[in-house]
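Asker: Based on the hints, put chain B in the right spot on chain A.
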Amino acid sequence: MKILAMDTSAKAAGVCLLDETKILAEYSANLGLTHSQTIMPMCEHLLSQSRISPEEIDYFAVSNGPGSFTGLRIGIAAVKGMAYAAGKPCVAVSTLDALAYNAVDFSGTVCCVMDARCKQVYNALYDVQPGTIIKRTPDRAISLEEIGSELKMEKNPVILVGDGADLCYNEYQGLLTGLVLSGAANRYQRASSVGLAALEKIRKGETISAAELTPEYLRLPQAQRELMKKRRENP
Amino acid sequence: MMNTYRSHSVRETEEIAEQFAKTLHPGDVVAYTGDLGAGKTAFTRGMARGLGIADEVASPTFALVHEYRGSVILYHFDMYRITDFDDLYSTGFFDYLDDPNGILAIEWSENIDGVLPPGTITVAFTVLGEEEREIKISREE
Numbered sequence: 014m015k016i017l018a019m020d021t022s023a024k025a026a027g028v029c030l031l032d033e034t035k036i037l038a039e040y041s042a043n044l045g046l047t048h049s050q051t052i053m054p055m056c057e058h059l060l061s062q063s064r065i066s067p068e069e070i071d072y073f074a075v076s077n078g079p080g081s082f083t084g085l086r087i088g089i090a091a092v093k094g095m096a097y098a099a100g101k102p103c104v105a106v107s108t109l110d111a112l113a114y115n116a117v118d119f120s121g122t123v124c125c126v127m128d129a130r131c132k133q134v135y136n137a138l139y140d141v142q143p144g145t146i147i148k149r150t151p152d153r154a155i156s157l158e159e160i161g162s163e164l165k166m167e168k169n170p171v172i173l174v175g176d177g178a179d180l181c182y183n184e185y186q187g188l189l190t191g192l193v194l195s196g197a198a199n200r201y202q203r204a205s206s207v208g209l210a211a212l213e214k215i216r217k218g219e220t221i222s223a224a225e226l227t228p229e230y231l232r233l234p235q236a237q238r239e240l241m242k243k244r245r246e247n248p
Numbered sequence: 010m011m012n013t014y015r016s017h018s019v020r021e022t023e024e025i026a027e028q029f030a031k032t033l034h035p036g037d038v039v040a041y042t043g044d045l046g047a048g049k050t051a052f053t054r055g056m057a058r059g060l061g062i063a064d065e066v067a068s069p070t071f072a073l074v075h076e077y078r079g080s081v082i083l084y085h086f087d088m089y090r091i092t093d094f095d096d097l098y099s100t101g102f103f104d105y106l107d108d109p110n111g112i113l114a115i116e117w118s119e120n121i122d123g124v125l126p127p128g129t130i131t132v133a134f135t136v137l138g139e140e141e142r143e144i145k146i147s148r149e150e
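Residue numbers (the working numbering), protein chains in the order written: chain A, 14 to 248; chain B, 10 to 150.
Hint data in this document are derived by calculation from the structure and do not stem from the laboratory.
Errors might be hidden in some of the hints.
Every beta carbon over 10 Å from chain B, so not counted as near; a handful from chain A, in silico [what the hints assert, rightly or not]: (1) A38; (2) E39; (3) S81; (4) R200.
Label-pair distances were calculated between CB atoms; the ranges are [as the list claims (entries may be wrong)]: (5) B:R78 - A:P143: 46 to 52 Å; (6) B:R78 - A:E57: 42 to 48 Å; (7) B:M10 - A:K217: 58 to 64 Å.
Just so we're clear, the structure is a prediction, and the values are computed from it rather than from any experiment.
Every residue, glycine too, gets a C-beta built ideally from N, C-alpha and C.
One chain only, chain A, in its complex shape (with noise of 0.2 Å):
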């Protein structure tokens, strides 16, 4: 079985090659530079390298939100029109569930965190034991502010996933103990933990056809009030 993953949904793009077993290959990049331009450059050039024909792909999976408005449908878009060509299912695989693959060998609460800008965050937590991922919120867009108190109230250790957590950390470091950020290796999304992520999801059965296939945003929770705010208010 071999599964091409894809992550879109944020700054990095990504797109990864695996199987049952292990991770075949996989391509990463974080140069500001426009997805629709360099993703399926990238999954041409994975597949060439690998020596895999696009008929031997069995799932095509991807991040399908929470997200960049843009990326998320970029990546949509891409693995959508190849499964649909293909005639093979997809996966869709929650942006932080896959986060939350970067740190599966951690022990305590992973706290997946994406910034979605003035102080808002993408977020969910999972408590994890080196190998096993359980979830423990719903996927939601939360304030800062919000985070920083139930994370107040953890007893075990916590990391910071995401390319919100620098943000968090930065926020929070100070008030609490145990407070972790992950490495530079494992900080942003990655296609290989997207794949990960629909593993779990084919072995349950959850996968689904090109069609049905969309984004989940997730909504904000600022209102007009502050979007309109005056920056020049208190200067």
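Answerer: For chain B alone, kept in the frame of chain A given last:
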């Protein structure tokens, strides 16, 4: 730093914008404020010319954003119909903001004032008469 100009015609507005565009760098955000018909689209047309972009510039009221491509990309937004965060998110605004090769020009920036990044250049238009306009360009130090 603030510069105030007085324009007496659409053509003059375009010329002011063309000179202003030569001071811009990729990554800059230009936020317009002012009334309908104050010359914001004309100003953007002049900016595009100053940036060496040959595309035709039109008001993005309907499409929300237009892209004009040259050696830099000018993203021309109209925020008139943007009323909440989800609206703004679904224009892809935050993704355009991350484009290191882009310059953003934003009409009706009043509607998204709370999320304009530090260093935003403000261009305020005031209608003084039938053809006469005051154009005030402010940059944060």
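Asker: Evaluate each hint against the coordinates.
Answerer: Hint-by-hint comparison with the structure:
no. : hint                       : verdict
1   : A38                        : holds (27 Å)
2   : E39                        : holds (23 Å)
3   : S81                        : violated (5 Å)
4   : R200                       : holds (17 Å)
5   : B:R78 - A:P143: 46 to 52 Å : holds (49 Å)
6   : B:R78 - A:E57: 42 to 48 Å  : violated (25 Å)
7   : B:M10 - A:K217: 58 to 64 Å : holds (60 Å)
Taken one by one, the earlier hints fail for this structure at numbers 3, 6, listed in ascending order.
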